[in-house]
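Enquirer: Kindly produce the complete structure, drawing on both the sequences and the hints.
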Amino acid sequence: MENAPVADNPDERGRLPVDKLKRVSPLAMSIWQLRLIFSVFIPAFFLFFFYRPQMLAWKLCALAAAAVYLFSALVWLPVKYLKLAYRLDGQTLYVRQGVIYTRYGAVFLENIQYVTVSATPLQRVFRLCSVNMILAGGRMTIPCVSAEEGELLRIWGCSRSAP
Amino acid sequence: MIKRRPHFISILSNIGRFLILLVIPLARGLLVSLRGGFQSWLASAWMDIAVVALIVAMGVTAWYCMGYCLDGSCLIAWQGVVFRRVRRIPLENISWASIVRPWYLRPFRAVQFRADTPGGSHKDSDFSMLLYRSDADYLFTVLDRLLPSLKDPPFSPREYRPRGLYVIILSALTSNSLAGILLASAAISRVGDLMGREFSERIYGTLEQLARLAAFGVPPAAAALAYLLLGGWALAFAANLIRNKNLFVVRRANSLFIRGGILTHRSYTLDLSQVNYLDIRQSVSTKLLRLQSAFLHTAGYGKNKEDVSALIPAAKNQDAAQTLQILAPELIPSPRSIQPNLGAIMKFLLDALWCCVLVPAGSWLLCRLAPNWAPVIRYIGLIAMVPALWFLTVRVLDFKTSGLSRDGDVFTLRYSHMFYLHTVVIPKKRIVAVCFRQSVLQWGDQKCDVLIYSRCEGQTRHHLKNLDLKDCALLFDLPGYIPPPKRDFFAFLKKKKDETA
Numbered sequence: 023m024e025n026a027p028v029a030d031n032p033d034e035r036g037r038l039p040v041d042k043l044k045r046v047s048p049l050a051m052s053i054w055q056l057r058l059i060f061s062v063f064i065p066a067f068f069l070f071f072f073y074r075p076q077m078l079a080w081k082l083c084a085l086a087a088a089a090v091y092l093f094s095a096l097v098w099l100p101v102k103y104l105k106l107a108y109r110l111d112g113q114t115l116y117v118r119q120g121v122i123y124t125r126y127g128a129v130f131l132e133n134i135q136y137v138t139v140s141a142t143p144l145q146r147v148f149r150l151c152s153v154n155m156i157l158a159g160g161r162m163t164i165p166c167v168s169a170e171e172g173e174l175l176r177i178w179g180c181s182r183s184a185p
Numbered sequence: 004m005i006k007r008r009p010h011f012i013s014i015l016s017n018i019g020r021f022l023i024l025l026v027i028p029l030a031r032g033l034l035v036s037l038r039g040g041f042q043s044w045l046a047s048a049w050m051d052i053a054v055v056a057l058i059v060a061m062g063v064t065a066w067y068c069m070g071y072c073l074d075g076s077c078l079i080a081w082q083g084v085v086f087r088r089v090r091r092i093p094l095e096n097i098s099w100a101s102i103v104r105p106w107y108l109r110p111f112r113a114v115q116f117r118a119d120t121p122g123g124s125h126k127d128s129d130f131s132m133l134l135y136r137s138d139a140d141y142l143f144t145v146l147d148r149l150l151p152s153l154k155d156p157p158f159s160p161r162e163y164r165p166r167g168l169y170v171i172i173l174s175a176l177t178s179n180s181l182a183g184i185l186l187a188s189a190a191i192s193r194v195g196d197l198m199g200r201e202f203s204e205r206i207y208g209t210l211e212q213l214a215r216l217a218a219f220g221v222p223p224a225a226a227a228l229a230y231l232l233l234g235g236w237a238l239a240f241a242a243n244l245i246r247n248k249n250l251f252v253v254r255r256a257n258s259l260f261i262r263g264g265i266l267t268h269r270s271y272t273l274d275l276s277q278v279n280y281l282d283i284r285q286s287v288s289t290k291l292l293r294l295q296s297a298f299l300h301t302a303g304y305g306k307n308k309e310d311v312s313a314l315i316p317a318a319k320n321q322d323a324a325q326t327l328q329i330l331a332p333e334l335i336p337s338p339r340s341i342q343p344n345l346g347a348i349m350k351f352l353l354d355a356l357w358c359c360v361l362v363p364a365g366s367w368l369l370c371r372l373a374p375n376w377a378p379v380i381r382y383i384g385l386i387a388m389v390p391a392l393w394f395l396t397v398r399v400l401d402f403k404t405s406g407l408s409r410d411g412d413v414f415t416l417r418y419s420h421m422f423y424l425h426t427v428v429i430p431k432k433r434i435v436a437v438c439f440r441q442s443v444l445q446w447g448d449q450k451c452d453v454l455i456y457s458r459c460e461g462q463t464r465h466h467l468k469n470l471d472l473k474d475c476a477l478l479f480d481l482p483g484y485i486p487p488p489k490r491d492f493f494a495f496l497k498k499k500k501d502e503t504a
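Residue numbers (my numbering), protein chains in the order written: chain A, 23 to 185; chain B, 4 to 504.
Computed from the model, here is a short list of chain B residues facing chain A with C-beta under 7 Å:
hint, residue
1, Val435
2, Ala436
3, Cys438
4, Ser442
5, Tyr456
6, Cys459
7, Leu481
8, Gly483
Among chain A residues calculated to face chain B with C-beta under 8 Å, some are:
hint, residue
9, Arg109
10, Thr114
11, Tyr116
12, Ile122
13, Tyr123
14, Arg125
15, Glu132
16, Asn133
17, Gly160
18, Met162
20 Å max Cα-Cα, derived PhoX-like pairs, lysine-lysine:
hint, chain 1, residue 1, chain 2, residue 2
19, B, Lys350, B, Lys403
20, A, Lys42, A, Lys102
21, B, Lys248, B, Lys319
22, A, Lys105, B, Lys473
23, A, Lys42, B, Lys473
24, A, Lys105, A, Lys42
No wet-lab data here; the hints were simulated from the structure. Ideal Cβ placement from N, Cα and C applies to all residues, glycine included.
Expert: Put into structure tokens, the structure is as follows:
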């Protein structure tokens, strides 16, 4: 657990400031941007088969697709990346995420049933993975962490049964 | 280790699974009658008898291959003819067990026995079998004794029998019109199946006539709707009363024994160390009458909607507190220490206000679109305003009472969900995750909504609105989420000025 994102030193009042959370890998942005390109441009490509470029419907759809793409690429995804962060603090895992609503989640080690580490083909290309903490009554997911950190989180999650 | 089989009545339920095979004689009968008539059908009737015999044989074989036994520290259950499935359930993991004795099974001395653990399906019990009463009683006694009660130091059992009035109040509170309507329509359809379609149509016709006669100036369709809701509620009330009557609770060292029901007798034994939380529920009417009901939430307990899950059916606030001291002293609510600020009132009221505005607006719009139906729409709109205003009242009370507190390792959460006010008392070890949700509007004053996920087989979420983020983080021992102190702009300017001076 040497490289694990463990707690930094608390300040003079024994607090661990909220801005000391560790962000996920910056490569996450690349994956999300690629996913966005696929999800916007594939429908746009099919648009050619149904409408001619001169038609008003085509223009409106193209404009909507461009607006969605620009908003997502320039606002939504950067904010999502900046907000997504986590930290391990002894027996507690803190995960902060969300864009419009910021969710500060905390999971207690004693309630983790098991941990799954999964990777999509895109994540595998970038050597990233998603970690799912399965709880007795819920789940907590940290997407797009590096494979090494994913392994460390898995070991931490499974350490309850260790002597 | 004595192996036991389920009650022979379960052969009938096994046969039910194979009734689909009756399609074969039906199809054969149809084909033969089209070709050769009655004589040829009779000549090959042996085939139908063979199919029926096959169905019965399969039912009996399934029953024969089914069984259970107690093997030291495990309850072993097996079933299946071709695909055999054996389940080993460690007795120490069993959180509760129940015996249900329906009136129609009593002449056969058969009972439904169920036991559950915190794992497995969140819909079905881990062990469920139709057993002979003596076998079920033995199993129940074994499980009851293995629950931690007898492992702990001597403890004099405490008994609680609620007053009849309290059971009536509980039945009235938990009755749902829709459930009653569904029950009645299912019963009428079943009668129609048995006695002919004409008979069920006659019942519906009579009900229609009655609605017309008792309309009292109101449009007949609207009156029929109102009477339907009222009748459904009355039916659900009767069903609840039959289920909860004769409630009897015994508290032992670390387990609870609950018994109740008139026509169907139900007995439960619960391991208190497996209780997830205690839920004290109040509606607007019980809040005004200073009454409250308490329900226990244990993994699997209450999966069946007909289970008796109330610990205290309904009691005056003071009586309920005293009863809780007797039955569950480890789950006593503490006075709230964190509460929403006055500025958050709109967050509580907005949903309800939308309902109060949209219902009349929708009625007005519908009246304009369909003027022929205007009297009915107006009447329905008027009825719909009642729950909308009721919801608004719940939200006002929620704003006044909601909050969070902690007493040792036990948290008390006060919030509302739909038309009920909940006071949930939950031990810390039963909280699996905490989430502070902050919207853009809550950034300024560092408030947040607190979502608490409790331990269960599915997912149970408790939602508390607009509480102080820092106070909540301190209360839950989550120092990682204490927000940094706000920068005082004027102090910063003053400091700069002093430095330059």
